[in-house]
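**Student:** Sequence:
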Amino acid sequence: MRRKHRRLRSDADLDITPFMNLMIVLVPVLLLNMVFAHTTVLELNFPNTSGSSAEEQQELQLQVMIFDDQLVVADNQGGVIKAIPLKEAAYDYETLGKVMQELKRRLPEKRNITIMPSSDTPYQALVSVMDSVRSYEAVVAGDVVNAELFPEISLGDAPERADRAEAEASS
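Just remember that the numbering used here sits 482 ahead of the position in the sequence shown, which is counted from 1.
Derived from the structure by calculation, the hints contain no laboratory data.
In this text, all values refer to a predicted model and were calculated from it rather than measured experimentally.
Be a bit skeptical, because a hint or two may be false.
Stated by the list, open to error - Ranges of calculated distance between the beta carbons of each label pair, as one might list FRET restraints:
# : residue 1 : residue 2 : range
1 : A623      : E570      : 46 to 56 Å
2 : D497      : G624      : 51 to 61 Å
3 : P641      : I506      : 53 to 63 Å
4 : S636      : I506      : 12 to 22 Å
Said to hold, decoys possible - Calculated cross-link-like contacts (lysine-lysine; reagent style DSS-like; alpha-carbon spacing at most 30 Å):
#  : residue 1 : residue 2
5  : K564      : K580
6  : K580      : K569
7  : K580      : K592
8  : K564      : K586
9  : K592      : K564
10 : K569      : K592
11 : K586      : K569
Ideal Cβ placement from N, Cα and C applies to all residues, glycine included.
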């Protein structure tokens, strides 16, 4: 007759050391990535679709138009304030910032501005223009702070340029 051998069963110990090593590496990496993944929300005002009143027409409205060859700073009363051509095949945000600072010195109460990109304006150019018109870095008492320019930004469509419309009509 055969004897059945009973195996001695002992509780198996789970080795969780590799899992703990993974967690020790993974947790700090995930925490560091959270710090760098900030999402910024820009508050924008869109123009009303209804007709504007006579009072709104008389109020000074600053505009920055983004065309493929230049940035144009204008208002609704006197026309073009400054046309800023491309600088080394890129938009000149530094000059735009200086123009905005000068406008803020002349109009300290003004808080709103309208940015009017053309239909083919790159997204990064639009965001950079928004950053340039919203604030600038100033040194106050030895500290660098963001000084406010025109924080209330509205968006609109850039008007069709006359020279471009004539070129399309002739072709």
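**Student:** Please go over all the hints and tell whether each is borne out by the structure.
**Tutor:** Verification of the supplied hints:
1. A623 - E570: 46 to 56 Å: violated (35 Å)
2. D497 - G624: 51 to 61 Å: This hint holds: roughly 57 Å between Cβ atoms.
3. P641 - I506: 53 to 63 Å: holds (60 Å)
4. S636 - I506: 12 to 22 Å: Violated, at about 50 Å.
5. K564 - K580: holds (11 Å)
6. K580 - K569: Roughly 15 Å between the alpha carbons, so the hint for K580 and K569 holds.
7. K580 - K592: holds (16 Å)
8. K564 - K586: The given pair, whose Cα atoms are some 14 Å apart, holds under the 30 Å limit.
9. K592 - K564: Holds, because 18 Å separates the two Cα atoms, which is no more than 30 Å.
10. K569 - K592: Since the Cα atoms of K569 and K592 sit roughly 28 Å apart, the hinted pair holds (cutoff 30 Å).
11. K586 - K569: Distance of about 24 Å is within 30 Å: holds.
Against the hints set out earlier in the document, violations occur for numbers 1, 4.
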